[in-house]
Amino acid sequence: MEGRFNSDNYQAFLQLIMTQTTQHLFVIHDGARYHTSAATQAFLTAHRDRITAEPLPSYSPDYHPMEYLWKKTKQRATHNKYFKEFTELTVSVEKALAYFATHPDTVFGLFGRYCEESGLELQQAA
1 MEGRFNSDNY QAFLQLIMTQ TTQHLFVIHD GARYHTSAAT QAFLTAHRDR ITAEPLPSYS
61 PDYHPMEYLW KKTKQRATHN KYFKEFTELT VSVEKALAYF ATHPDTVFGL FGRYCEESGL
121 ELQQAA
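Residue numbers (our numbering): 1 to 126.
Worth flagging that the hints you see were computed from the coordinates, not collected in a lab.
Every residue gets a Cβ at the ideal spot worked out from N, C-alpha and C, and that includes glycine.
The reader is advised that the hints may include incorrect statements.
To be verified - SDA-like, lysine to any residue: derived pairs with alpha carbons at most 25 Å apart:
1) Lys84 / His103
2) Lys81 / His35
3) Lys81 / Ser58
4) Lys72 / Val27
5) Lys74 / Thr102
As the list claims (entries may be wrong) - Each pair of labels, with its calculated beta carbon distance range:
6) Val27 / Pro104: 18 to 28 Å
7) Thr45 / Phe83: 21 to 31 Å
8) Asp105 / Thr36: 17 to 27 Å
9) Ala12 / Val93: 29 to 39 Å
10) Gln20 / Thr45: 27 to 37 Å
11) Asp30 / Arg50: 15 to 25 Å
12) Thr45 / Pro104: 30 to 40 Å
13) Pro55 / Gln15: 12 to 22 Å
14) Thr21 / Glu54: 24 to 34 Å
15) Thr102 / Glu2: 16 to 26 Å
16) Glu94 / Phe13: 14 to 24 Å
17) Glu94 / Asn9: 29 to 39 Å
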């Protein structure tokens, strides 16, 4: 989705996910306005048979291991870089994400670091 993300986009995203699976969705979200808006809350209530939404506590990067990947993505794609055009920014981020998609050991290592810092045991799928 392009443009500013808002409550309508978030609901459309959830609708799209619901069309792609019949499984119950478990969504963990932060306190972003599009997650907490009255319209989104009404949407989640209307679809509680398909969606369970759990909010994270305020400022809780330790509970969200993806924060490690986002940090590395920002370092790789945007840190100390100037983008004259928005498309240059998106291309840079897409290249960084493509790098991580082809280097799963790097991503897995980030989650290992998360587990170390959180005191959790990292279990690799067989």
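| So does Thr45 sit 21 to 31 Å from Phe83, Cβ to Cβ? | Violated, at about 40 Å.
| request: Please test the hint of 30 to 40 Å on the beta carbon pair from Thr45 and Pro104. | output: holds (38 Å)
| Given the proposed pairing of Lys81 with His35, does the C-alpha separation stay at or below 25 Å? | violated (30 Å)
| Is 27 to 37 Å a correct range for the gap between the Cβ atoms of Gln20 and Thr45? | At 22 Å between Cβs, range violated.
| Should the hint that Thr21 and Glu54 are 24 to 34 Å apart at their CB atoms be regarded as holding? | At 18 Å between Cβs, range violated.
| field | CB-CB spacing for Gln15 and Pro55 relative to the 12 to 22 Å hint | value | holds (20 Å)
| At the C-beta level, are Asp30 and Arg50 separated by a distance inside 15 to 25 Å? | holds (21 Å)
| Beta-carbon spacing of Thr102 to Glu2 - inside the hinted bounds 16 to 26 Å or not | Hint holds: Cβ distance 25 Å, inside 16 to 26 Å.
| task | Note whether the CB distance of Ala12 and Val93 lies within 29 to 39 Å or breaks it. | result | violated (21 Å)
| query | Keeping to a limit of 25 Å between CA atoms, is the pair of Lys81 and Ser58 held or broken? | reply | Judged against 25 Å, a Cα distance of about 30 Å means the pair is violated.
| query | Would the pair Lys74 and Thr102 pass a check requiring their Cα atoms to be no farther apart than 25 Å? | reply | holds (17 Å)
| request: Could you grab the alpha-carbon distance between Lys84 and His103 and see if it respects the 25 Å cut-off? | output: Status violated; Cα separation ~29 Å.
Checked against the numbered hints above, the structure violates hints 1, 2, 3, 7, 8, 9, 10, 14, 17; every other hint is satisfied.
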